[in-house]
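Each chain, letter by letter, is given below.
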Amino acid sequence: EDKVVQSPLSLVVHEGDTVTLNCSYEVTNFRSLLWYKQEKKAPTFLFMLTSSGIEKKSGRLSSILDKKELFSILNITATQTGDSAVYLCVGNYGGSQGNLIFGKGTKLSVKP
Amino acid sequence: DAGVTQSPTHLIKTRGQQVTLRCSPKSGHDTVSWYQQALGQGPQFIFQYYEEEERQRGNFPDRFSGHQFPNYSSELNVNALLLGDSALYLCASSSTLAGTSYNEQFFGPGTRLTVL
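These protein sequences, in sequence, are chains A and B.
For the first sequence, the numbering used here begins at 1 and goes up steadily by one.
For the second sequence, the numbering used here begins at 113 and goes up steadily by one.
Some hints could be false.
As the list claims (entries may be wrong) - Residues from chain A that face chain B, not an exhaustive set, calculated with beta carbons under 8 Å:
| no. | residue |
| --- | --- |
| 1 | Lys-41 |
| 2 | Ala-42 |
| 3 | Pro-43 |
| 4 | Phe-45 |
| 5 | Leu-46 |
| 6 | Asn-99 |
| 7 | Leu-100 |
| 8 | Lys-104 |
| 9 | Gly-105 |
Calculated directly from the structure, the hints in this document are not laboratory data.
Built from N, CA and C at the ideal position, the CB exists for glycine as well.
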């Protein structure tokens, strides 16, 4: 059965800390690994990873994929209170429209 | 561009009732996917509509049905509601473009359904 497992499920840090969120996956016909940020309701797209070892970076956020170990991490440096959200790791499989299988998410709380 | 819109934002129903949720996709998008997100869980794929037909379906019973209209908007219908159907229902839209490996799905704000 396809699955995406995230850890930790929740995390509390202080502003300025660096955090690493983990994601392991078992997805048949794997196409890509996606990260979404969900603050209140609508998840918003962060990264799509298709190749191993190539880091994607956007500001203080970065992510990398290991297709051999079926693993991805999302790093956030110099965290801010605005980073508080649920971060969803998503396996994309199948056709170009993408079947998406979501992990349960990591709830990140950044304290001032 | 209004992005993906959903209505209503909140809904309270009782067991056994039927509910219809609505979604308007982002301008230029032709594909709509529906997800159910229970509290503390990641979204679960219900089904996807393209060209007014259900193209893919997740592991949900037939009580969950949908429709896509010529203007690409979509409805999700749930019959014979159960307490366990209480969840946030998310709609996501995307665009079919040739040659892309993943067409980013843009999510709406969701409809919070409570079944009493």
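Let's test the interface hint: is any C-beta of chain B closer than 8 Å to that of Leu-100(A)?
holds, 6 Å
Holds or violated: Lys-104(A) as interface residue toward chain B, Cβ cutoff 8 Å?
Holds, because the Cβ-Cβ distance from Lys-104(A) to chain B comes to roughly 5 Å (cut-off 8 Å).
Return the status of the interface hint for Lys-41(A): holds when the least beta-carbon distance to chain B is below 8 Å, violated otherwise.
holds, 4 Å
Given Ala-42(A) as an interface hint, is the shortest Cβ-Cβ distance to chain B below 8 Å?
holds, 4 Å
Would the stated hint for Gly-105(A) survive a check requiring a Cβ distance to chain B of less than 8 Å?
Check passed: Cβ of Gly-105(A) comes within 5 Å of chain B, closer than 8 Å.
Holds or violated: is the Cβ of Leu-46(A) closer than 8 Å to a Cβ in chain B?
violated, 11 Å
Hint check, Asn-99(A) versus chain B [nearest Cβ-Cβ separation less than 8 Å]
The hint holds - Asn-99(A) has a Cβ within 8 Å of chain B, the shortest such distance being about 6 Å.
Interface hint compliance - Phe-45(A) to chain B, C-beta minimum distance less than 8 Å:
Holds, about 5 Å.
Have a go at the Pro-43(A) hint: is there a Cβ in chain B nearer than 8 Å to its own Cβ?
Given a least distance of 5 Å, the restraint on Pro-43(A) holds.
Consistency note: the structure conflicts with earlier hint 5 alone.
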